[in-house]
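A.B. asks: Residues per chain, in single letters:
There are 2 protein chains.
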Amino acid sequence: MKILFPLVTADIALFTVQDRNLRVLMVKRANDPELGKWALPGGILNPATDADLDETAQRVLSGKTGVDVPFLEQVATFSGATRDPRGWSLSVLYYALLPSDQVHAVAGRATDAIEWRDAFAPGSRLAFDHAALIRAALATLRDKVDRAALPLHLLPARFTLTELQQTCESILGRSLDKSVFRRRLKDEPGIEQLAGEFLYGAQRPAQLYRAADGFRF
Amino acid sequence: MKILFPLVTADIALFTVQDRNLRVLMVKRANDPELGKWALPGGILNPATDADLDETAQRVLSGKTGVDVPFLEQVATFSGATRDPRGWSLSVLYYALLPSDQVHAVAGRATDAIEWRDAFAPGSRLAFDHAALIRAALATLRDKVDRAALPLHLLPARFTLTELQQTCESILGRSLDKSVFRRRLKDEPGIEQLAGEFLYGAQRPAQLYRAADGFRF
Numbered sequence: 001m002k003i004l005f006p007l008v009t010a011d012i013a014l015f016t017v018q019d020r021n022l023r024v025l026m027v028k029r030a031n032d033p034e035l036g037k038w039a040l041p042g043g044i045l046n047p048a049t050d051a052d053l054d055e056t057a058q059r060v061l062s063g064k065t066g067v068d069v070p071f072l073e074q075v076a077t078f079s080g081a082t083r084d085p086r087g088w089s090l091s092v093l094y095y096a097l098l099p100s101d102q103v104h105a106v107a108g109r110a111t112d113a114i115e116w117r118d119a120f121a122p123g124s125r126l127a128f129d130h131a132a133l134i135r136a137a138l139a140t141l142r143d144k145v146d147r148a149a150l151p152l153h154l155l156p157a158r159f160t161l162t163e164l165q166q167t168c169e170s171i172l173g174r175s176l177d178k179s180v181f182r183r184r185l186k187d188e189p190g191i192e193q194l195a196g197e198f199l200y201g202a203q204r205p206a207q208l209y210r211a212a213d214g215f216r217f
Numbered sequence: 001m002k003i004l005f006p007l008v009t010a011d012i013a014l015f016t017v018q019d020r021n022l023r024v025l026m027v028k029r030a031n032d033p034e035l036g037k038w039a040l041p042g043g044i045l046n047p048a049t050d051a052d053l054d055e056t057a058q059r060v061l062s063g064k065t066g067v068d069v070p071f072l073e074q075v076a077t078f079s080g081a082t083r084d085p086r087g088w089s090l091s092v093l094y095y096a097l098l099p100s101d102q103v104h105a106v107a108g109r110a111t112d113a114i115e116w117r118d119a120f121a122p123g124s125r126l127a128f129d130h131a132a133l134i135r136a137a138l139a140t141l142r143d144k145v146d147r148a149a150l151p152l153h154l155l156p157a158r159f160t161l162t163e164l165q166q167t168c169e170s171i172l173g174r175s176l177d178k179s180v181f182r183r184r185l186k187d188e189p190g191i192e193q194l195a196g197e198f199l200y201g202a203q204r205p206a207q208l209y210r211a212a213d214g215f216r217f
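Protein chains in written order, with UniProt numbering: chain A, 1 to 217; chain B, 1 to 217.
Just so you know, these hints were derived from the structure itself, not from any lab. For every residue, glycine included, the Cβ atom is placed at its ideal position computed from N, Cα and C. Incorrect hints may have been included.
[Claimed, not checked] 35 Å max Cα-Cα, derived DSBU-like pairs, lysine-lysine:
no., chain 1, residue 1, chain 2, residue 2
1, B, LYS28, A, LYS178
2, B, LYS144, B, LYS28
3, A, LYS37, A, LYS144
4, B, LYS28, A, LYS28
5, A, LYS144, A, LYS178
6, B, LYS144, B, LYS37
7, B, LYS186, B, LYS144
8, A, LYS186, B, LYS37
9, A, LYS186, B, LYS28
10, B, LYS186, A, LYS28
11, A, LYS186, A, LYS144
12, B, LYS144, A, LYS186
13, B, LYS37, A, LYS178
[To be verified] Residues of chain A clear of chain B, computed beta-carbon distances all greater than 12 Å:
no., residue
14, VAL8
15, ALA51
16, ASP54
17, VAL75
18, ARG83
19, GLY87
20, SER100
21, ARG183
22, GLN203
[Said to hold, decoys possible] Taking CB as the label site, the calculated pair distances span:
no., chain 1, residue 1, chain 2, residue 2, range
23, B, GLY66, A, ARG20, 53 to 61 Å
24, A, ALA149, B, ALA121, 43 to 51 Å
25, A, PRO156, B, ARG182, 45 to 53 Å
26, A, ARG204, B, ASN21, 31 to 39 Å
27, A, LEU194, B, LYS37, 51 to 59 Å
28, A, GLN102, B, GLU34, 56 to 64 Å
29, B, ASP112, A, ALA157, 39 to 47 Å
30, B, ASP112, A, GLY123, 46 to 54 Å
31, A, GLY63, B, ALA121, 38 to 46 Å
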């Protein structure tokens, strides 16, 4: 089937952190084209129900994963005559962040197999140009964290500064100096100390924090 | 007329510098909708001829202005059911840079009136959501220059460091310290001194530079 009008889709790179590794959600395609290959969750714009493409992305992601994410933002638009065998197509790419303690809530629909892949090496047998889409989404996320934005949406509601540092390191792909990192957080308005709340473990109790009201990544 | 498939356009914010002011090109709409209002140059995707949306943008800009620009890059995609009375529409926004000495080469088509507007205050009677598009394109340009990219595509082929500094200032909307700026350019690989070539004027002769081979904004 050849489409005369461009096919418009929203595709979403949903990131989370597991075992200190940045992961991206992939869905096994259950239909042609690219049947059996792995793709970012995505779906076709429905002009009858979607007020704009942000709504398309939100609807598609909820439908494919069963979760509503706290952060979803546009990365860029990929387009062309040859990237999809159905015809001229246009994919508006989004990236989204899922807290690490909500990974269990993500369930593929009955027909879809899902996998959390290493975001830096998402593997082979990827559908369409989705390897390039993952690279673009990852670059946007890294760039933002490199510019000192705090990826709090990847953390549980209550977190320690060590967890925050490890999450930044997972995204940047390199270690950060602990004392420099802590100094930077001294007057950071995005996080709020939880008075009297600590994480108890093998080490000495660690102060817990939460995202401040109105925090924006 | 209601369109069932989304209307896909490429719109371009074409910037240049005149009299040390950053300007953006506006075209007076000669057709409905929004007849007589001022819009960014833009046009509808033609899947039969455009390999991708970058080609749409290049084709549209050449057609509307008669010039091929040295720099054209995607900003973001604007979409929705209500932004265009013709129906659900999607505009992929680009920004482009035109050297200040090539402004004279830009000619509107016989039917189109054109104007170079102040990029920071493009005025009233703007079509569609193009005021928001201009703000987004301007933010992308400023952000890039703020992060030390050199806007050489806005300058003539041969330029002085004073002209370069003034161009940066026009984009950033603030003055830069001359000695800090000069120090930053000391080992800058993007520019190349033209041996023995100077600009002669009222002041003492000023060394001329050009963009180095392979320079990328």
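A.B. asks: Hint by hint, say whether it matches the structure.
C.D. replies: Verification of the supplied hints:
1. Note on LYS28/B and LYS178/A: the hinted pairing is violated, with a Cα-Cα distance of about 56 Å set against a maximum of 35 Å.
2. Simply put, LYS144/B and LYS28/B have alpha-carbon atoms about 29 Å apart, close enough for the 35 Å limit, and the pair holds.
3. Under the criterion of a C-alpha separation no larger than 35 Å, the hint pairing LYS37/A with LYS144/A is consistent with the structure, at around 30 Å.
4. The hinted pair formed by LYS28/B and LYS28/A fails the criterion: a straight-line CA distance of about 48 Å is larger than 35 Å.
5. A distance of roughly 20 Å separates the Cα atoms of LYS144/A and LYS178/A; the hinted pair therefore holds under the 35 Å criterion.
6. At roughly 30 Å between alpha-carbon atoms, LYS144/B and LYS37/B fall within 35 Å of each other, so this suggested pair holds.
7. Annotation: proposed proximity of LYS186/B to LYS144/B holds, straight-line Cα distance about 20 Å (limit 35 Å).
8. With a C-alpha separation of about 50 Å, the suggested pairing of LYS186/A with LYS37/B is violated against the 35 Å cut-off.
9. About 52 Å separates the Cα atoms of LYS186/A and LYS28/B, which puts this hinted pair outside 35 Å; it is violated.
10. Distance check on the hinted pair: LYS186/B and LYS28/A sit about 52 Å apart at the alpha-carbon level, beyond 35 Å; violated.
11. A distance of roughly 20 Å separates the Cα atoms of LYS186/A and LYS144/A; the hinted pair therefore holds under the 35 Å criterion.
12. For the given pair, LYS144/B sits about 28 Å from LYS186/A by alpha-carbon distance, which is consistent with the 35 Å threshold.
13. Between LYS37/B and LYS178/A the alpha-carbon distance is near 56 Å, which puts this suggested pair outside the 35 Å criterion.
14. Remark: the non-interface label on VAL8/A conflicts with the geometry, its nearest Cβ contact in chain B lying 6 Å away (cut-off 12 Å).
15. Its closest Cβ contact with chain B, about 6 Å, brings ALA51/A to no more than 12 Å, contrary to its assignment away from the interface.
16. For ASP54/A, the requirement that its beta carbon stay farther than 12 Å from each beta carbon of chain B is not met, with the minimum near 8 Å.
17. Under the 12 Å C-beta cut-off, the non-interface status given to VAL75/A relative to chain B is violated; the minimum distance is some 9 Å.
18. For ARG83/A, the non-interface assignment is contradicted: its Cβ lies about 8 Å from the closest Cβ of chain B, within the 12 Å cut-off.
19. Chain B draws GLY87/A into its interface by the beta-carbon criterion, the shortest separation being 7 Å against a cut-off of 12 Å.
20. The beta carbon of SER100/A is kept farther than 12 Å from every beta carbon of chain B, the shortest such distance being approximately 29 Å.
21. Residue-level check passed: ARG183/A sits 23 Å from the nearest beta carbon of chain B, beyond 12 Å.
22. Residue-level check passed: GLN203/A sits 38 Å from the nearest beta carbon of chain B, beyond 12 Å.
23. Between GLY66/B and ARG20/A the C-beta distance comes to about 55 Å, which sits within the given range of 53 to 61 Å.
24. The hinted window of 43 to 51 Å between ALA149/A and ALA121/B is violated, with their beta carbons roughly 30 Å apart.
25. At about 49 Å, the beta-carbon gap between PRO156/A and ARG182/B stays in the expected band of 45 to 53 Å.
26. Distance hint check: the CB atoms of ARG204/A and ASN21/B are about 59 Å apart, inconsistent with the given range 31 to 39 Å.
27. The hinted range of 51 to 59 Å is satisfied by LEU194/A and LYS37/B, whose Cβ atoms lie roughly 53 Å apart.
28. Take GLN102/A and GLU34/B: their Cβ atoms lie about 44 Å apart, and the range 56 to 64 Å is violated.
29. For the hinted restraint 39 to 47 Å between ASP112/B and ALA157/A, the CB-CB distance of approximately 55 Å leaves it violated.
30. Between ASP112/B and GLY123/A the beta carbons are some 50 Å apart, a value that agrees with the proposed interval 46 to 54 Å.
31. Under the hint 38 to 46 Å, the C-beta atoms of GLY63/A and ALA121/B, about 43 Å apart, fit the expected range.
Violation of the numbered hints given earlier is confined to hints 1, 4, 8, 9, 10, 13, 14, 15, 16, 17, 18, 19, 24, 26, 28, 29; the remaining hints are satisfied by the structure.
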